[in-house]
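Number of protein chains: 2
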Amino acid sequence: MKPVSFKDFEINKVFDFGYVTVSEQEIIDFAMFFDPLDFHIDKEAAQKSIFGGLVASGPHIFKIFHLTKWIPLFKNTVMGGLEVKWSFLKPIYADMKVFGKAVITDIKTNPERRHAAVKWHFDFTNEAGEFLQTIDMTVLHSMMK
Amino acid sequence: MKPVSFKDFEINKVFDFGYVTVSEQEIIDFAMFFDPLDFHIDKEAAQKSIFGGLVASGPHIFKIFHLTKWIPLFKNTVMGGLEVKWSFLKPIYADMKVFGKAVITDIKTNPERRHAAVKWHFDFTNEAGEFLQTIDMTVLHSMMK
Numbered sequence: 000m001k002p003v004s005f006k007d008f009e010i011n012k013v014f015d016f017g018y019v020t021v022s023e024q025e026i027i028d029f030a031m032f033f034d035p036l037d038f039h040i041d042k043e044a045a046q047k048s049i050f051g052g053l054v055a056s057g058p059h060i061f062k063i064f065h066l067t068k069w070i071p072l073f074k075n076t077v078m079g080g081l082e083v084k085w086s087f088l089k090p091i092y093a094d095m096k097v098f099g100k101a102v103i104t105d106i107k108t109n110p111e112r113r114h115a116a117v118k119w120h121f122d123f124t125n126e127a128g129e130f131l132q133t134i135d136m137t138v139l140h141s142m143m144k
Numbered sequence: 000m001k002p003v004s005f006k007d008f009e010i011n012k013v014f015d016f017g018y019v020t021v022s023e024q025e026i027i028d029f030a031m032f033f034d035p036l037d038f039h040i041d042k043e044a045a046q047k048s049i050f051g052g053l054v055a056s057g058p059h060i061f062k063i064f065h066l067t068k069w070i071p072l073f074k075n076t077v078m079g080g081l082e083v084k085w086s087f088l089k090p091i092y093a094d095m096k097v098f099g100k101a102v103i104t105d106i107k108t109n110p111e112r113r114h115a116a117v118k119w120h121f122d123f124t125n126e127a128g129e130f131l132q133t134i135d136m137t138v139l140h141s142m143m144k
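Chains A and B supply the protein sequences, listed in that same order. FYI, the numbering for the first sequence is 0 to 144, going by numbering that gives the first Met the number 0. FYI, the numbering for the second sequence is 0 to 144, going by numbering that gives the first Met the number 0.
So here's chain A without its partners, still in its complex pose (with noise of 0.2 Å):
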């Protein structure tokens, strides 16, 4: 993928990133570094969970798209993180398929500066189309890359 530059940035402009599954295995050695609770590490434990079954830690499906996707297309031009909205709206589950997508929601553009404040709406969805985990991240960006 190549890198995109900051002068494509385009207000609901649309990046998909197709779909990712996690394993069982991926879903517990993520959390076991992260988020060793016993819905996301113990099979047996989540069975008798809410949830019925193993799910993904909450961030694990971003972090796949974020380092796979994300930073391969807009890592030049990122010049830091600024704030970040997450809603786990529904469990993700081994070996579902999540489709991912990120889209620019706004520019605001320091021109003296060279700056931009862009704000991203990430969606994770199923194969039926619902939604999984919303993100709203606002990232400032470079003008000059």
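A few of these clues could be false.
Intra- or inter-copy, both count: the list cannot distinguish identical chains.
EDC-like, lysine to aspartate or glutamate: derived pairs with alpha carbons at most 20 Å apart [said to hold, decoys possible]:
#1 100 <-> 43
#2 118 <-> 82
#3 84 <-> 105
#4 1 <-> 82
#5 68 <-> 37
#6 144 <-> 28
#7 89 <-> 23
#8 74 <-> 28
#9 1 <-> 23
Honestly, the hints are just simulated from the structure, not real lab data.
Using the hints, position chain B against chain A.
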């Protein structure tokens, strides 16, 4: 640390997590896993960035407090995460003391279902007491544990 039971949850109760520091190598290792942007993983590039040096990836400090302090205290009651709002206010550099506190700001009980939506406010401050990050997190907790 002894896990905290739901009956000991109180609005405005502060949990002081002391402080942590992260080394340059820890900043690089975490960011390679989660957030491999130049100013997190490349010392020279970071010196030329707006930060003037390597800075910790957004979730790095939270990950440490969450894993080593919050989860051991509250994991027995946690049923799932609902929402997170995160503000990145100032950069966190290597070897800087970062003080962490969590406080319960709201408890909405659902007595029928025996669970409660609890709002947690985290703040991470430096030695001068300046805010580095704040996090507001809504978590579903069991009232039975």
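Going down the list of hints, with the structure as the test:
1. 100 <-> 43: neither (33 Å within a copy, 33 Å between copies)
2. 118 <-> 82: both (9 Å within a copy, 18 Å between copies)
3. 84 <-> 105: For residue 84 and residue 105, the Cα distance is within 20 Å both inside one copy (15 Å) and across copies (18 Å).
4. 1 <-> 82: The answer is neither: 26 Å in one copy and 33 Å across copies each exceed 20 Å.
5. 68 <-> 37: Classified as between: cross-chain Cα gap 16 Å, same-chain 29 Å, threshold 20 Å.
6. 144 <-> 28: For residue 144 and residue 28, the Cα distance exceeds 20 Å both inside one copy (36 Å) and across copies (26 Å).
7. 89 <-> 23: Within one copy, since 17 Å is at most 20 Å while 36 Å is not.
8. 74 <-> 28: between (26 Å within a copy, 18 Å between copies)
9. 1 <-> 23: Close neither inside one copy (32 Å) nor across copies (29 Å); limit 20 Å.
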